[in-house]
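With the sequences and hints as input, model every part of the structure.
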Amino acid sequence: MAKLEISRRKFLTGASLGASGIMLSGCDAFDSQLSIGSGLRSFLENANGLTYRAQRLLAGRDALAPEFTEADIRQPQRPNGVTAPDDDVYKGLLANNFADWRLEVSGLVEKPLSLSREQLMNMPSRTQITRHDCVEGWSCIAKWTGTPLSLVLDQAVVKPQARYVMFHCLDTIDRSLSGDIKYYGTIDLIDARHPQTILAYGVNGKPLPVENGAPLRVRVERQLGYKMPKYLYKIELVDGFANVGGGRGGYWEDNGYDWYGGI
Amino acid sequence: MESVARSQPTAGADTAAPKDETLIYRQSRWTRLTHWIWAISLFFMLLSGLQIFNARPQLYIGKQSGFDYNNTVFAIGAENTDAGARGYTEIFGHRFDTTGVLGWSGPAGQETARGFPSWATIPSYYDLGTARVIHFFFAWILTTTLIVWLVASAVNGHLRRDLAPRLDDLKRLPQDIIDHAKLKFHHTREYNTLQKMAYGGVLFVLLPLMIITGLAMSPSMNSVLPFLNDLLGGRQTARTIHFTVMVLLVAFFVVHILMILAAGPINELRSIITGWYRTDPPAQDDNSTERSE
Chain L
1 MAKLEISRRK FLTGASLGAS GIMLSGCDAF DSQLSIGSGL RSFLENANGL TYRAQRLLAG
61 RDALAPEFTE ADIRQPQRPN GVTAPDDDVY KGLLANNFAD WRLEVSGLVE KPLSLSREQL
121 MNMPSRTQIT RHDCVEGWSC IAKWTGTPLS LVLDQAVVKP QARYVMFHCL DTIDRSLSGD
181 IKYYGTIDLI DARHPQTILA YGVNGKPLPV ENGAPLRVRV ERQLGYKMPK YLYKIELVDG
241 FANVGGGRGG YWEDNGYDWY GGI
Chain P
1 MESVARSQPT AGADTAAPKD ETLIYRQSRW TRLTHWIWAI SLFFMLLSGL QIFNARPQLY
61 IGKQSGFDYN NTVFAIGAEN TDAGARGYTE IFGHRFDTTG VLGWSGPAGQ ETARGFPSWA
121 TIPSYYDLGT ARVIHFFFAW ILTTTLIVWL VASAVNGHLR RDLAPRLDDL KRLPQDIIDH
181 AKLKFHHTRE YNTLQKMAYG GVLFVLLPLM IITGLAMSPS MNSVLPFLND LLGGRQTART
241 IHFTVMVLLV AFFVVHILMI LAAGPINELR SIITGWYRTD PPAQDDNSTE RSE
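Going down the list, the protein sequences come from chains L and P. By the UniProt record's numbering, the letter at position 205 of the first sequence is numbered 205, and the numbering carries on one by one without gaps. By the UniProt record's numbering, the letter at position 96 of the second sequence is numbered 96, and the numbering carries on one by one without gaps.
Take every hint as true, because none was put in to throw you off.
Here are a few chain L residues that face chain P, going by a calculated C-beta distance under 7 angstroms:
no., residue
1, L34
2, Q75
3, G137
4, W138
5, G256
6, I263
Covered, in the sense of this in silico footprint (three residues per stretch, anywhere, with C-beta under 8 angstroms from a C-beta of chain L), are these stretches of chain P:
no., segment
7, 59-65
8, 133-141
Facing chain P, according to a computed beta carbon distance under 7 angstroms, are these residues of chain L, among others:
no., residue
9, A59
10, A63
11, R78
12, R222
Everything labelled a hint here was simulated from the structure, so no lab data went into it. Keep in mind it's a predicted model, so treat the numbers as computed, not measured. Heads up, the beta-carbon is just placed ideally off N, CA and C, and yes, glycines get one too.
Take a look at the structure:
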């Protein structure tokens, strides 16, 4: 018994010394195991798949994000990310007040579309006062007006093998050795057809300004801001995204954010 | 009766000497296992949480963050002064210089503007995406373990026997406070009143509140439970509560460790690793013997 006591004591001393060693060496102890593609990182990322399935199960297809009142609009919508695209194509379109801009709908659809801003604005619209939650932690309430994405998808007639909607944007967010990287992102068809998912051309009763994504941005109200691309020009229906960009479904996803941004 | 039966030593009949009657089986395997899973989970959740906070080192009250108006209650930042860059922390408008720890920190000559310092975050460098991966992984572990513990503790009697508040606890409270202040500890089978309050507070108030405010920040959960943020006072208030509960949990951790060191770390650690705990000999503490029968 006495012998056991000592060995236990030694074990505990050793264990606590080991633990404090991790503490003292600082929290860079875990850095090397956490890069994208590493085994540990991929294992931990499974939790996001679990969150996705659990929240889809709980929220279903049509549960609505909370909507607010005019009194809750207390400030302009805070812009983030790219706020003034430096791309020549974009600047050319902007100079002409987007008269030459078209929204292309392509990929796995029966009838590819090319819609002008006027055509989009002539479709039935939806206006909603919602809270924009940035992944960084801040929130901002604004009134958004736009065309429900489901109406555009219905017009293009989505093929049954399509699984995601991919948004292509005009703004260069990053530069790499292989060239400029344009913002892009994907959502599943459940969120694409959600009643509050709109292609917004107006905010707080005015046309969408450049810093918020003119001429068109997406609103996906049950997810975080990085899932709502700005400066849209093409919507592509795809059955996967492994071959696009970094293969993780979006610009920020390629840089380590989870594909599902509902939390 | 139960505690008498439980105070039989485990080792074979050859070691069943009278002196071992003070060695009791105090913590069930469910309590021990969940305790250590929580310890690991909370460690990673704290350090990844501080990294997430660094992405927006401000806390607000209300539904949204005030950019054109002021509803900030807490902020960590850096500013240029005549004496060079300084880090500051602002609580309800009162500003404190926290250079070296909060706002402006790093190795000498390589300081950077960041909320919490490198040694307090995972990863050590700025990486919001990775911190979120870690945070939500352990959020699932912590929540699952809390439910497992609750069910197991209801079934094995831990809740009723050790944690349920009794009238007697209230009577003992003044003496308990005096004993703790004098660092005079009684080693009994039961938790004392302050222990019950601390453990009960963490398990039934702080951790559930942490989970609820965490869920309230999820835009998707807001569509499932739209009333949650109304109840809490808005998403940004929920975030502020989430942070405040973190501070309280860290405070609990510090006191928890100090109490273990003061009450006898070997005995305390043995009970949460093996379950076996050395109680005070009956002759020295009549009260505790009375209570354990």
